[in-house]
Amino acid sequence: MDNGLAEAGHDVMSDEITLRYDYALGKVAGRFMRGLKEGKILATRCSKSGLTYLPPRAYCERSFEPCDEWVEAGSQGVVEASTIVVRGYEGKRKAPVAIALVRLDGVDSAIANYVDGLDLSDPASAMTRIAPGTRLRVTFAAEREGRITDFSFLPL
Amino acid sequence: MSTQDVAVLGTYQSDFRTHDMSQTYVEQVQKAAIGAHRDAGMCVDDVDAAVISLAPTFFLGVADADRWAIDNIVCAGKPVLRVHTGGATGGSAVHIAYSLIQSRMARSVLIVGAERIAETPDAQKVLNLIFDAFYERDMPLSTNTLVALRACAYLHRHGFTQEDLARVVVRARRNAMKNPHAHLKGDITVDDVMASKMIAYPLKLFDICPRSSGCAAMILGNMDMAKRYRTNPAFVNGIGSLSDTYWMGDRTGPTADTDLVEYDLIRMAATTAYRRAGVTDPLKQIQVAEFYDPYSVNTPISLEQAGFCSRGTALRLEKDGYWDRDTGAVAVNPSGGTLCTNPIAITGLVRCIDAATQVMGTAGDMQVRNVRRALATASGGTAQFYNCTVFGAEPTHG
Chain G
1 MDNGLAEAGH DVMSDEITLR YDYALGKVAG RFMRGLKEGK ILATRCSKSG LTYLPPRAYC
61 ERSFEPCDEW VEAGSQGVVE ASTIVVRGYE GKRKAPVAIA LVRLDGVDSA IANYVDGLDL
121 SDPASAMTRI APGTRLRVTF AAEREGRITD FSFLPL
Chain E
1 MSTQDVAVLG TYQSDFRTHD MSQTYVEQVQ KAAIGAHRDA GMCVDDVDAA VISLAPTFFL
61 GVADADRWAI DNIVCAGKPV LRVHTGGATG GSAVHIAYSL IQSRMARSVL IVGAERIAET
121 PDAQKVLNLI FDAFYERDMP LSTNTLVALR ACAYLHRHGF TQEDLARVVV RARRNAMKNP
181 HAHLKGDITV DDVMASKMIA YPLKLFDICP RSSGCAAMIL GNMDMAKRYR TNPAFVNGIG
241 SLSDTYWMGD RTGPTADTDL VEYDLIRMAA TTAYRRAGVT DPLKQIQVAE FYDPYSVNTP
301 ISLEQAGFCS RGTALRLEKD GYWDRDTGAV AVNPSGGTLC TNPIAITGLV RCIDAATQVM
361 GTAGDMQVRN VRRALATASG GTAQFYNCTV FGAEPTHG
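Residue numbers (full-length UniProt numbering), protein chains in the order written: chain G, 1 to 156; chain E, 1 to 398.
Worth flagging that the hints you see were computed from the coordinates, not collected in a lab.
Keep in mind it's a predicted model, so treat the numbers as computed, not measured.
Careful, some of the hints might be misleading.
[Said to hold, decoys possible] These stretches of chain E come out as covered by chain G in the derived footprint (C-beta under 8 angstroms, 3 or more residues):
no.	region
1	121-133
2	149-158
3	222-235
4	256-264
[Said to hold, decoys possible] Listed below are the simulated DSBU-like cross-link pairs for lysine-lysine, each with C-alpha atoms no more than 30 angstroms apart in a straight line:
no.	chain 1	residue 1	chain 2	residue 2
5	E	Lys-125	E	Lys-185
6	E	Lys-125	E	Lys-227
7	G	Lys-48	G	Lys-94
8	G	Lys-27	G	Lys-40
9	E	Lys-319	E	Lys-197
10	E	Lys-227	E	Lys-197
11	E	Lys-227	G	Lys-94
12	E	Lys-319	E	Lys-284
13	E	Lys-197	E	Lys-31
14	E	Lys-197	G	Lys-92
15	E	Lys-78	E	Lys-284
16	G	Lys-94	E	Lys-31
17	E	Lys-178	G	Lys-27
18	G	Lys-92	E	Lys-319
19	E	Lys-197	E	Lys-185
20	E	Lys-185	E	Lys-78
21	G	Lys-37	E	Lys-125
22	E	Lys-284	E	Lys-178
Using N, Cα and C, we set each Cβ at its ideal position, and we do this for glycine too.
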């Protein structure tokens, strides 16, 4: 079976590569994902630099000292960037979907996720509800599996 | 130890299109290598080393395909390195070759590569794999949606519209009509861009580069080689290259070192390249800019950050014709740029070729008059890598 891109008059040899992975989460991402199951977004903070990171990390990337504290991120935050994906991707949520980078209260960096609760039938007007500077809140899925999609953002 | 000057001795680029089923990856690489040797009038013994410009190999489904290509470019027995900085790969490859010559490790170096992204219908999946496995990959993040995030914020911050972005595409496609190698070209209108289908707000199909297949090569050499092989070479006057954080979200907020929306990395890389090249006023000293602009929004951001205009003004100046080929303040992407042709593994190399040939006066129909200096840039890996190369008609050190 060819992949549909063959041109007439040219021979092809087709192949399909399947690779399987079990990604070890490690201590830091592991704790974050367990936190999601409990309905918490956990960030790490470095007391030396005073910076709080999402996604969490073991070492501060400015002071190069350990992040020595886990803190719960705020349940609201500010949109840094956003888009509505109109043309979808295989294996992801069905388009159209809104995604945003949101800097949660008490955290220095922004984290990406879906934005729910928007009427996407008119994407241009939906964009105005997630424009940069807009505040959104976090909502958790009822069934959580310790994955980033356990939470999403909602308009206030 | 004195610093070596480095010259462009030969270049080659194929015509670019969606797919090339008449030859394999290594046959394309070979064709490009032969083309650059012929252009320089050099034989294989004149080349001391090779740098293979190869981005994610799963586009072509052969892991580390640089190994496959070594015999085809007659480099068994020579140092061969592969470089991969995503879309910035081609510029990085030029920088490595430059460094090998400047450090006197080689008299001359071949930079060569090919792209055949259409070998798989799963290119979007490969591109999605560059995002973080734990925190990002469950979302429809791709290069398209990453740039859409930046583009929405850029338009919002500076008060521009999708029509303002569309003018960039109109100019690029018009310029590409003079480029025999370009993948997309033609007389289109702002309305045509606006009518193309929405992909991710505010980017429509025409705001986005095509995926192109083809090959390219360049040979760089020291001054001795330049005297032997090239009457009017272009010289690499200065390079600048930087990387940024892995996570895009680390480039936001008041404590961030860089700004996701403005793409400060361009300014930082350009500043270094300009200092090394003796460029103090880019608008006066650079006549051609070949920016890595796979999306319409990349062009204004590049112009602003590379010092051709102030922040938030490039799209207004676009409307006034400042970036037009023959009548503007600087010829921006006379080749049509990455918006018209994007063979990912070698796009940065093609930018360098299109800039260097302008300086050498061998750009054919694309030639801009009186080019003394040209800038080439490349961007890759979710805007994590950026590099700038300044080519000039005079050597830096004389």
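### Violated hints - listed by number, lowest first
3, 6, 7, 10, 11, 13, 15, 16, 17, 18, 20
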